[in-house]
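Peer 1: Listed below are the residues making up each chain.
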Amino acid sequence: MVEPILEIQGVRKTYPARRSLFGRSAAVDALKGVSLAVTPGESFGLVGESGSGKTTLTRSILRLEAPTAGRILFKGEDMARLGPKALRTLRARIQIVFQDPYASLNPRMTVEEIVSEPMLVHRDILRLDRAGRRDRAAELLALVGLSTQHLARNPHEFSGGQRQRIGIARALAAGPELLLLDEPTSALDVSVQAQVLNLLIDLQDRLGLTYLFISHDLAVVRYLCDRVALIHSGVLVEEGPTREIFDAPQSDYARMLLGAAPKVRVPPATPSG
Amino acid sequence: MSKLADPIAATAAGPVRREKLARALFRFRQSRLSLLGAAIVALVLFFALLGSVLAPYPDDVRGSVSTAARFLAPSAAHPFGTNEVGQDVLSLTMAGTTVSVLAGFGVVIIGSLLGTLVGAVAGFAGGLVDEALMRFTDLVLTIPSLILAMAIAAALGPGFENMVLAISLSWWPGYARLVRGEVLAAREEVYVTAARAIGASPARVLFRHILPNCLSPIIVKMSLDMGFAILTVAGLGFIGIGVRPPTPEWGTLLSTARSYMPDYWWTAMAPGMAMFLAVFGFNLLGDGLRDVLDPRGRR
Amino acid sequence: MSEALLEIRDLHLTMSSFDGLAHVLNGVDLTVRRGEVWGVVGESGCGKSLTGLSISRLVPTPPARYPQGSIRFEGEDLMRLAPHRMQALRGKRIGMIFQDPTTNLNPTVRIGEQLVDVALAAASHDPSLLDDATPQQFGRRRQARDLAARLLERVGIPDAQARLASYPHEFSGGMRQRVLIAMALIGRPDLLIADEPTTALDVSVQAQILKLIQSMVADHDIGVILITHNLGVVAETCTHVAVMYAGNVVETGPVAAVIERPAHPYTRALMAAIPMRDTPRGQLQGLPGVVPDLIRPPPGCRFAPRCDRATAECRARFPGTGPVAPGHAVACYHPVRQPKIADG
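Protein chains in written order, with the numbering used here: chain G, 1 to 273; chain S, 1 to 299; chain C, 1 to 344.
It is worth saying that the hints were derived from the structure and are not from the lab.
Note that CB positions come from ideal geometry on N, CA and C, so glycine has one too.
Worth double-checking, as some hints may not be accurate.
Unchecked claim - Straight-line Cα separation of at most 16 Å, EDC-like style, residue types lysine to aspartate or glutamate; simulated pairs: (1) G:Lys263 <-> C:Asp202; (2) G:Lys263 <-> C:Asp278; (3) C:Lys211 <-> C:Asp221; (4) C:Lys92 <-> C:Glu74; (5) G:Lys75 <-> G:Glu7; (6) G:Lys75 <-> G:Glu42; (7) C:Lys92 <-> C:Asp190; (8) G:Lys263 <-> C:Glu260; (9) C:Lys211 <-> C:Glu153; (10) G:Lys263 <-> C:Glu236; (11) G:Lys263 <-> G:Asp247; (12) G:Lys32 <-> G:Glu238.
As the list claims (entries may be wrong) - Covered stretches of chain C (chain G as the covering partner; in silico rule of three or more C-beta atoms under 8 Å from a C-beta of chain G): (13) 142-148; (14) 193-204; (15) 281-295.
The task is simple: from the sequences and hints, build the whole structure.
Peer 2: Rendered as structure tokens:
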């Protein structure tokens, strides 16, 4: 069996109870022992509703938060044991695309600054000088379907779909192996969503990326992912190949989710004329 | 409805920055009051630069005395009359703009720099550092600023630099609180999380991502504060701790004029009106800037 | 056929901005009868929300202007109604629900108080609202409170009487949306306008809210306009659908007809962009391009620049709306005609 690129072993996260002047809030168990493994080159879908713990898991993988218990291994290395320098190197290899393209780009920076920032931060690994960074930024924009003339613009001048392309270009800038996609199309129109999904598939085929796709949209997950895990109040409810889960869900929760999702029947495409 | 414009802006090549400026001007011009404020501020800055050169009686500005002409009522030759040593009040007031505006600028700039530093560190570091810095800020805030400035000025001794420094040291807490709040809010923005996920250092996150997005409210507050800073400078001058004669300064002019009220009322007219105009102008400008830069804070 | 509850005819709306005059609505026609649930779909920036807000006259003028068109509610022209009468209509006969249930409730006021205020305001136009269950001697406030509790119960909030004392933050997103629906229903509206009511909610909650709206239609014979970008929601909830593009209604008809035989190329493109059960990986059809600049819209059909069926005729003149089947109308020179398609 192939060694997983990302392995999550019994991760728990408890937010401690808080005492304040007006009473105390109970401790929250956001993750109650989650284990899963993502193999290189696959698209792994993580499906959950709000409050399921999927955001906490994402933040833990990015090491923006430390799990209360359990281990997260990247290529067999325990991320909690990494020193600051090794952790920084690791950050170049795991990147994220965020849900809201209107909030995830710094409004005061130009597209060039946004896309070349990872190269600047990791210049010790990438060894790109100013001109090299500029060339690579232009290359990345072309890769996501934008053009060089967009480099000098600010994010507010772009539509939602274009901003998400910029966000993808930034995520690719440091040459990552694993991309966390945190509902990257849920803020977009369906017409634009289709373009972004196809771009993600195209990039995966070309660059051999591994995707961890976090979403609540089952149709999108079925379209993009090879394997799926359902998470519900901090517990992994069901996991398996996408087709199996969608065709023969085992858990009540999976059946409920599949039943609740609105469906539309669509005619096949006809040639234009 | 600005969203409508996005697709065109993204496809049309053109000078982006100039367009942004034009847009800001368009919004600014929507309000007549902000335009009036900008005009008054421009006038005040003009006199700050050239007041002593343009003064009709430049000798008076330099301290020449003519007892024969003391306490002349307003006339064509002296539109605002003359004072107790026969100097032209208009000339003194025009020349006094320099000190007042310069001191105001100094106070606002030093105060905002200090306050931004304290607020940014407190908001970004959080925890104990935040607690300590903010409690110290609150402590400074509890002392009335004019009294604190008087105490510091008295300790440092008279003079322009000392006065500016004294007021600045009582001025920064407002900025510290403002910036801390802004930093706390900006820290939670998704693009800040994005920067951290990239592996950017804390310094980079703070200076590249957080602070630039806190600038607008700081600039607005600076503009609004300019008027009050000028007023405080004049206040110290009035009490006699500020700039010493013969350098003309509005507060000192008023303070001297007070002894001759109400018989020689005109000696107080010009400096009083100048002060009123400057404060009024900077406040209107600040309100206008807020509408342009920080639309959230409207009304 | 019953008389129309709402009739929008040739509605034009312009917005002035720094860049010039934007033609946001460009002759919208829409007729809603009692018992109908109309889905209004289209990409963002197509004028869906502004159509909804125009019915309630909630678009600020200026910068907006209505150069042309009429909105008739049970025969009365809303464009000519005095502001105070319009306000009475909003509180009582036209209910509105918006996307974000968080920002539409005052966080510092108890749910009960907020509902009571709305109930009292509605009762000031129609005192009979409060008299139904509670005898008058208890006072109007008490009556309004009972009405609020009954409505919370009806929208499926358990233990409603006790929950009146809760603050909005003690409710989940779905619960808050229910409160807002209850609020919109207090005046017993004849028309409910729901603008993306479930976009911010989980699918399981979404299903419940949509069922609730459907049961309101069944029980009270009201008309509903459901503004959404989700064609799945439309397919499952609505009786009719209006597809909007860049300020025009380009296709209208019964849901079954429009979804099974979409005639306008835009409707087809929107549907082709939805990932289906059997869509092969990488084969999803996106719709290239963006909604046009409404300040300088393309002449003729506004969809022509993105349309693969467009001809010179399309670029010259806007096509009139014509029927392709009974009740199914489309504004296109080259509508797609095809037999009914098998389920996907």
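Peer 1: A separate judgement is required for each hint: does it hold in the structure or not?
Peer 2: Against the structure, the hints:
1. Restraint check for G:Lys263 and C:Asp202: satisfied, since their Cα atoms lie roughly 15 Å apart, inside the 16 Å limit.
2. Distance hint between G:Lys263 and C:Asp278 is fulfilled; the C-alpha atoms sit about 13 Å from each other, no more than 16 Å.
3. Using a Cα cut-off of 16 Å, the hinted pair C:Lys211 and C:Asp221 holds, with the two alpha carbons roughly 15 Å apart.
4. At most 16 Å may separate the alpha-carbon atoms for a hinted pair to count; C:Lys92 and C:Glu74 meet this at roughly 14 Å.
5. Among the hinted pairs, G:Lys75 with G:Glu7 is consistent with the structure: their alpha-carbon atoms are about 8 Å apart, no more than 16 Å.
6. Simply put, G:Lys75 and G:Glu42 have alpha-carbon atoms about 14 Å apart, close enough for the 16 Å limit, and the pair holds.
7. Under the criterion of a C-alpha separation no larger than 16 Å, the hint pairing C:Lys92 with C:Asp190 is consistent with the structure, at around 9 Å.
8. For the given pair, G:Lys263 sits about 13 Å from C:Glu260 by alpha-carbon distance, which is consistent with the 16 Å threshold.
9. Between the alpha carbons of C:Lys211 and C:Glu153 the distance comes to roughly 15 Å, so the proposed pair stays at or under 16 Å and holds.
10. For the given pair, G:Lys263 sits about 7 Å from C:Glu236 by alpha-carbon distance, which is consistent with the 16 Å threshold.
11. For the proposed pair G:Lys263 and G:Asp247, the alpha carbon gap of about 15 Å is at most 16 Å, so the pair holds.
12. Taking the CA atoms of G:Lys32 and G:Glu238, the gap is about 14 Å. The hint holds against a cut of 16 Å.
13. A stretch counts as covered by a chain when three or more of its residues have a beta carbon under 8 Å from one of that chain; for the segment 142-148 of chain C and chain G the count is 0, and the coverage is violated.
14. Only residues whose beta carbon comes within less than 8 Å of a beta carbon in chain G count, and the segment 193-204 of chain C has 3; three or more means the coverage holds.
15. Residues of the segment 281-295 of chain C lying with their CB closer than 8 Å to a CB of chain G number 8, which satisfies the three-residue condition for coverage.
Of the numbered hints stated above, the single one contradicted by the structure is hint 13.
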